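**Student:** In case you want the letters, here they are:
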Amino acid sequence: GESVGLHLPTLSVQEGDNSIINCAYSNSASDYFIWYKQESGKGPQFIIDIRSNMDKRQGQRVTVLLNKTVKHLSLQIAATQPGDSAVYFCAERLTGGGNKLTFGTGTQLKVEL
Amino acid sequence: GAGVSQSPSNKVTEKGKDVELRCDPISGHTALYWYRQSLGQGLEFLIYFQGNSAPDKSGLPSDRFSAERTGGSVSTLTIQRTQQEDSAVYLCASSLVSQGRTDTQYFGPGTRLTVL
Chain A
1 GESVGLHLPT LSVQEGDNSI INCAYSNSAS DYFIWYKQES GKGPQFIIDI RSNMDKRQGQ
61 RVTVLLNKTV KHLSLQIAAT QPGDSAVYFC AERLTGGGNK LTFGTGTQLK VEL
Chain B
1001 GAGVSQSPSN KVTEKGKDVE LRCDPISGHT ALYWYRQSLG QGLEFLIYFQ GNSAPDKSGL
1061 PSDRFSAERT GGSVSTLTIQ RTQQEDSAVY LCASSLVSQG RTDTQYFGPG TRLTVL
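Chains A and B are the protein sequences, given in the same order.
Letter 61 of the first sequence, counting from 1, is numbered 61 in the working numbering, and no numbers are missing.
Letter 14 of the second sequence, counting from 1, is numbered 1014 in the working numbering, and no numbers are missing.
Looking at chain A on its own, in the form it has when it is part of the complex (with noise of 0.2 angstroms):
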């Protein structure tokens, strides 16, 4: 079982490279996909989503890839910047359960100058 002060996975890059944070889901049934960025002592603030029907969507400096014959998202940041930094989280919404997210454990983004 889980134990406090569990170490996140994290990330380092330096600023102005591409960050690929990734994430294994859990169910093939999921249809829709979100990612959060949660800096610390704050709620987690929507980045992007996808729906199960897509494979890539584009925002602004940010890109999702979808590829569920592996059940695996992935978070793309162009030109990485130190306010990136942050926990990362990938969700899922299960198709016919109501509109609840499960979310992964986290990713940490630390950016170095």
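Keep in mind that the hints were calculated from the coordinates and are not lab data.
A quick note: this is a predicted structure, and the numbers were derived from the prediction, not measured.
Even glycine gets a Cβ: it sits at the ideal position worked out from N, Cα and C.
Treat the hints with caution; some may be incorrect.
Unchecked claim - Simulated DEER-style distance windows between Cβ atoms:
id, chain 1, residue 1, chain 2, residue 2, range
1, B, ARG1112, A, SER74, 23 to 33 angstroms
2, A, PRO82, B, GLN1083, 37 to 47 angstroms
3, B, GLU1085, A, LYS42, 22 to 32 angstroms
4, B, SER1009, A, ASN53, 36 to 46 angstroms
To be verified - Which stretches of chain A does chain B cover? Using the computed rule of at least three CB atoms under 8 angstroms from a CB of chain B, they are:
id, region
5, 30 to 44
6, 98 to 112
Following the hints, position chain B against chain A.
**Tutor:** Only chain B this time, still in chain A's reference frame:
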């Protein structure tokens, strides 16, 4: 416009006491959700309200936890006889649901509950 607000931002209580946490959703949002986030963990779904439908309580960890939503707006999450394992950040989110299409959940800043 105003986002989701929660109060209090921090709550320290003694084991065995009851606590109430409040959530004010974004005006006009018909769906409201409660999640719990333990230290260094992802978010755990607790309960979901959608319009006048019966809430989805499938995530509540025990019968000490309950929530209500009055007038389709403000919600209160109540934890009775708090235990130390209830210590966590309790997050509320709301979304606009229209024509069966579910929109993005927007989160509040959370209430950090510490049970001594």
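**Student:** Of the numbered hints stated earlier in the document, which are not met by this structure?
**Tutor:** none
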